[in-house]
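4 protein chains.
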Amino acid sequence: MERMGRERWLDSMVLCRRDIHAHPEPGWLEYRTAALVASRLSALGYTVTTGKRACKSEARMGVPGAETIRQHEERALRDGVDPAWLEQMKGGHTAVVGVLRGAKPGPVVALRFDMDCVEVGESEEAGHPPRQLRFASDRPGLMHACGHDGHTAIGLGAAELIAERAGELAGEIRLLFQPAEEGCRGAKSMVEAGWLDGVNYFLCGHIGVRSRTLGEVVASVDGFLSTTKIDAVFRGKAAHAGESPQLGSNALLAACAAALHLHGIGRHGDGATRVNVGMLEGGSGRNVVPAEARMKLELRGETEALCEYMVRETSRILEAAAAMYGVTCEWETVGHGTGGEGDRSLIPQIEAECARMESVGSFVASMPIGASEDATWMLRRVREQGGRGVYMLFGSPLAAGHHQTTFDFDERVLGTAAELLVRLVYACPGWPEAPGTGASGGEE
Amino acid sequence: MERMGRERWLDSMVLCRRDIHAHPEPGWLEYRTAALVASRLSALGYTVTTGKRACKSEARMGVPGAETIRQHEERALRDGVDPAWLEQMKGGHTAVVGVLRGAKPGPVVALRFDMDCVEVGESEEAGHPPRQLRFASDRPGLMHACGHDGHTAIGLGAAELIAERAGELAGEIRLLFQPAEEGCRGAKSMVEAGWLDGVNYFLCGHIGVRSRTLGEVVASVDGFLSTTKIDAVFRGKAAHAGESPQLGSNALLAACAAALHLHGIGRHGDGATRVNVGMLEGGSGRNVVPAEARMKLELRGETEALCEYMVRETSRILEAAAAMYGVTCEWETVGHGTGGEGDRSLIPQIEAECARMESVGSFVASMPIGASEDATWMLRRVREQGGRGVYMLFGSPLAAGHHQTTFDFDERVLGTAAELLVRLVYACPGWPEAPGTGASGGEE
Amino acid sequence: MERMGRERWLDSMVLCRRDIHAHPEPGWLEYRTAALVASRLSALGYTVTTGKRACKSEARMGVPGAETIRQHEERALRDGVDPAWLEQMKGGHTAVVGVLRGAKPGPVVALRFDMDCVEVGESEEAGHPPRQLRFASDRPGLMHACGHDGHTAIGLGAAELIAERAGELAGEIRLLFQPAEEGCRGAKSMVEAGWLDGVNYFLCGHIGVRSRTLGEVVASVDGFLSTTKIDAVFRGKAAHAGESPQLGSNALLAACAAALHLHGIGRHGDGATRVNVGMLEGGSGRNVVPAEARMKLELRGETEALCEYMVRETSRILEAAAAMYGVTCEWETVGHGTGGEGDRSLIPQIEAECARMESVGSFVASMPIGASEDATWMLRRVREQGGRGVYMLFGSPLAAGHHQTTFDFDERVLGTAAELLVRLVYACPGWPEAPGTGASGGEE
Amino acid sequence: MERMGRERWLDSMVLCRRDIHAHPEPGWLEYRTAALVASRLSALGYTVTTGKRACKSEARMGVPGAETIRQHEERALRDGVDPAWLEQMKGGHTAVVGVLRGAKPGPVVALRFDMDCVEVGESEEAGHPPRQLRFASDRPGLMHACGHDGHTAIGLGAAELIAERAGELAGEIRLLFQPAEEGCRGAKSMVEAGWLDGVNYFLCGHIGVRSRTLGEVVASVDGFLSTTKIDAVFRGKAAHAGESPQLGSNALLAACAAALHLHGIGRHGDGATRVNVGMLEGGSGRNVVPAEARMKLELRGETEALCEYMVRETSRILEAAAAMYGVTCEWETVGHGTGGEGDRSLIPQIEAECARMESVGSFVASMPIGASEDATWMLRRVREQGGRGVYMLFGSPLAAGHHQTTFDFDERVLGTAAELLVRLVYACPGWPEAPGTGASGGEE
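Residue numbers (the numbering used here), protein chains in the order written: chain B, 1 to 444; chain S, 1 to 444; chain Y, 1 to 444; chain H, 1 to 444.
Bear in mind the hints are in silico, worked out from the structure with no lab data behind them. No false leads were slipped in.
No copy labels: a pair is met if it fits in one copy or bridges any two.
Straight-line Cα separation of at most 20 Å, EDC-like style, residue types lysine to aspartate or glutamate; simulated pairs:
no., residue 1, residue 2
1, K237, D270
2, K52, D197
3, K56, D197
4, K237, E119
5, K104, E433
6, K104, E164
7, K56, E192
8, K237, E281
Please take these sequences and the hints and turn them into a complete structure.
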């Protein structure tokens, strides 16, 4: 790309990121963001799919209540979202897929970007860059504090470059813009809708993740923990705590007992597990025996089996804690990420492209992580079908850790990430087959 | 009173109650209500005191934060509250006292009425009378669900009748309109401001309290439990629950442990005790080790000593629960009601007046109660000084229990209560002295 | 009684008490004590019943295991207990009843004495009187630390005096020597065997109970708490705690959770309750997930209904605690005392007799108590049938509280108690009928 | 060795093992066993050290109380233990070291054997081989259920063969007979006494450990968990649970709370941890607020740092649990094993010797284990000084798992283990130096 074009391209990603940052949308409610993506992909010549064909309705997890959805749809209309896109997406079906087919045969390459924000109120500090530069969140309690605004901008930046060189394209490109990554709620619905079927190469990643040097690239993240997210509600009976406490059934104490006992789930000899009751609230008045309590928790395991062990233990404990206080407990799975790791055979290929890039300063082959991601569902489906994929990291110093109110990254990472992805897209038709898999690109 | 006058008087109390019901104000923020009371008393000829001279600033408990106070004061101005009154009351000093002195010597008689609402959202049901008759709360999450709207209306109704017959008055009448009865936060500040000093007869009471027949009067409630209300906040350290849970200090689990252990405080051989953690909430995100948790709790005891035992145990448990998780706990007393009971020597006097009233259908000498009230601080001060007082109940069927979203009472109770109070005010100069106390009215 | 006779009689009670003290026997295993009682009553002319006809086998609670019973029976034989009595009592049926009928008609009067020791090892201190005077317990871990040795001696002392004056007797005398009062295990079995049926007057009591002046008599104890004693065992699965903790099911943690939650059973608005997990043990090795845990607990309530509330809560908590850890819990009631109080109409009669006794120094009409006793089952049955009864206290200074290793009393209390009981036996044919009951003695 | 000599040698080990099995002795009380070892080594020509010079007194952990020690010493005398040895060992200093120096220079080689039994009552089943062959434990509640009887027999068998070929010996042989391996209490005291200083090669191991084929050898066990064993005692105040529960301070509930919270110690992001409250007991009577409770627990970590994290958490929790109930908690470390693994450079050397042995059927280079051992302290000290060591397994089918009442092994494993150790002793002077350590045997 000639220099002026590159400057303009970099600027457009920055503007895009800031626009999305200013209008953060939580999972399954990314109407404005998804419509922006869909319009842009469409304008660039991609065949765009959104709504229920982009994400299988029943496979979505942690979908907000009907009233919340309705309010966000109304707001989207007020904000000028194209009613045609909104109509397709309505009811919380905000996945977007853009497909471009090359003239020549070649592999199917899928890139995935996530679009949702987190439920954190953005810092009011004057020195916080998004506030200083006037693109801070306009929605109280919502913020792009995990960098998905950047991810979406990278996706659209890559989409533009790929489209520019569409004539050279071999095989098929699928750009997957995923809703609801936070809480591991969205990826599976795109897998179930079939978008990973037939994929030979799958590329995705994250900017930031611990503060790292700008220009550092990690080719493959290992050791994602399998995770299950659960919401539970305990319901008992209120009573006047002074006059007749015995008439009540204390839902709050049941929740407290559950929280303590969940954190006491025994260690497992086969590997690491985790449990966190992240949020709990209950009770209606100081002098009333609490009739209701709610908790949000997550479980993790080094393997899917370990995570299942944690879920079984949790199920028993929730029910026993309810029984302990004569109350009921209803709980549901609202998110699920599987374990997984990238395909190490792609590391040399990525290293080769990085070596050619001026903006890549250091290269790390692989790095373990103790966190969870639902892109693992996509990695798994691709691998099950003989394809290969990786989850990369694109280094940037961070103003504060992910999900914190002063989170921010160095916007120069957008160019590095988008350029590397585009390079990989054009390079992969030439890659050797995965050893032992018999997977071959290009034949379809 | 002639019939038409009585009808008008009854109607004016109903209108007053509905006006207050429509604009509920929580404890220490009763600007609109208190200003209404102050204006009305002033117009009737009472000498009105409000602000810091009506309630001792440091003796107030559970005062809301500065920002909340500011917002309510702004709202009060927008709602048309007289800035002169507001200026006196500002900073949460919403007590009002009206004094009327008779021409003749006589006892000092004090009547007490409470003005605050509770934090309950009023029922949206069309059939709920305040909604049907269009005087439901205009403030989300706030409601007069305990009848204090009625109490204030009774107070103003009584004020009017007493003023009408001011010429006959012997001694001194003090009408005490108390803020923040909910949570036992306000009475002590009026006691400390000296308004119960020198009082010979003290009359107060409640409408409703368990659904009772209209026209029933209980002359004296016994067995109030001494109570202390406490707010606690636990503060620890957040951490990513998947990658490095060991870096966190879990404030939520500390709160849960505290809640369970508080409910496990041992029984006391000397009498009844109570504990209730009525509200608890903590945590900021599902995958974050919770760094903060808050709880609201109350303790009670059949005697002040038993309540103190509960407070000592609570203090130790809160600190130990914090230590258990390496977090801190700060707690404060936000309310305190002492135990107490009425003076039984007044029962025959009340019975005598009731016997003369058409609207009183049945009379109960005394009734025990397992609840708490801070009028007990007033009863205690009066008694300490040789005076006599009672806490009465004025029967009304209730649509739902106190503090429930569909709470409502039969407005005819307003007339019964106000009339009885006025009768007692005019009767008490003639009552015999309290046996053995040597208390004598009228000499000051 | 002439003086020398009285001295001899007093001495014989002291000797009897010391003999029993030296050979303490726990509940249902009082073979030596019961045989001594049976022989003596028989020699005095009473018709003696023991074994299954004296206590209904199925109504006994907390009976020791078969092996323990066998060992005590063997020991009893070795100790020279008459095999004829042992044969009747075997299997833990150690109740003894002695009946004497007068020549004249008159009321049925029953007196009850308990015989069992407690599981406490007697003090080794040289200054402890039973050790100094060489009648300390010869059985490690067992001691008459509650005064039942004295009670049995009083019973035999009274039996002697009554028999001496048998010719004057009107009606029927039943002397009930009860096993297993500790843990409230024995009284009900004698009630179920019918020995309280037809009783007009029932007299029983306790020496000591808080340290009191020698010569003080309390005519009627009030406010016994209803109580239920429960043994629970939790069974899970052992596993190596280092290699594979997940293969275990932790019975000890289930027991610990149960203990904490039992102490957290909510207060009841209707009155006092109590809970105490008095003993808990579990686990087999430091590095083994505990597969078993056992606990002994007791529940109390001011009324039978309150005690039943505690039992219901306990039942739910034990099961929920087991479920919490995936283990089982089996529990059984091993003792039960009902609430109750004496008949106040007997107080003046008792006062009258006391007034005639030189050894009675002070008289207390009634006294509340926060403890439990299973003589309450007898009081209840007598009352249900129109009879009257009281539970008295016979004052003595105590060297240490009941159940402590240095417990001891002033042996002069034996004479006071026995004399008062005999006086009452002979006086009661002349008492007025119970008001309103229509109960009349002497007609059978 | 000629065949007949070998048969005799094998038989002598079997007889030795059975003799020790019949007289099991717990940690620090192995007077009979240690005296037997000391006498035998002395007879074979070893320089024998025992008592405080063999194990540093202050570095011993989990030493029994003075009274227990006294009883075992008396019993040892009654059992005919040589008073001269006993005098040296008294007070629980039962370590024995035998040293043999070769004529030629060469490396220092140390072999370690443990001697203590476990606190398990041996099975009464007639078919249990030690019972069938009449060498079952003669001490109730004590049993060699972990194979240390075999280890001691192997040590003495090896001692004999080494002594027979003393003329060929190069360097120095140290045979370490360690007390109190159970609970990881003894090894450190021998390390602190200096017996691992200067050691070039350290060999130790275990028979059995999961049921394995006879003749299988594992050259090096990896992944021992670092562990700390703790005993805690909570002391509060007794009170009558019915009359005045408030006067008590409940030590049992404090222990229960501690147990639950200890099992809730948070997972650590750096690796595996373990916690087990293996035993807990408290309380003195059903109706007494428990004044004392005791617990035995163990902590583990994949690394020493992780184990220290668990100890820090435990310390805080024990103190907080005590504070929660107003009781005290005293705790002490009664055992400690560090993590560790063998030196892999020795594996080929061991494989080479195994290949020459008829009785070795299969060879495993290394195997991870989730358990703990205190030989790790010896491995660590040897490694710190540049020496090398391994912990081997000698396969045997097991009748039941370690520490179970029917534990037994195939006695043929004794010959295999002893022969391999002797071969290694004579082979190691010829081994290559440890790579990179510069450690060289023989020069001293």
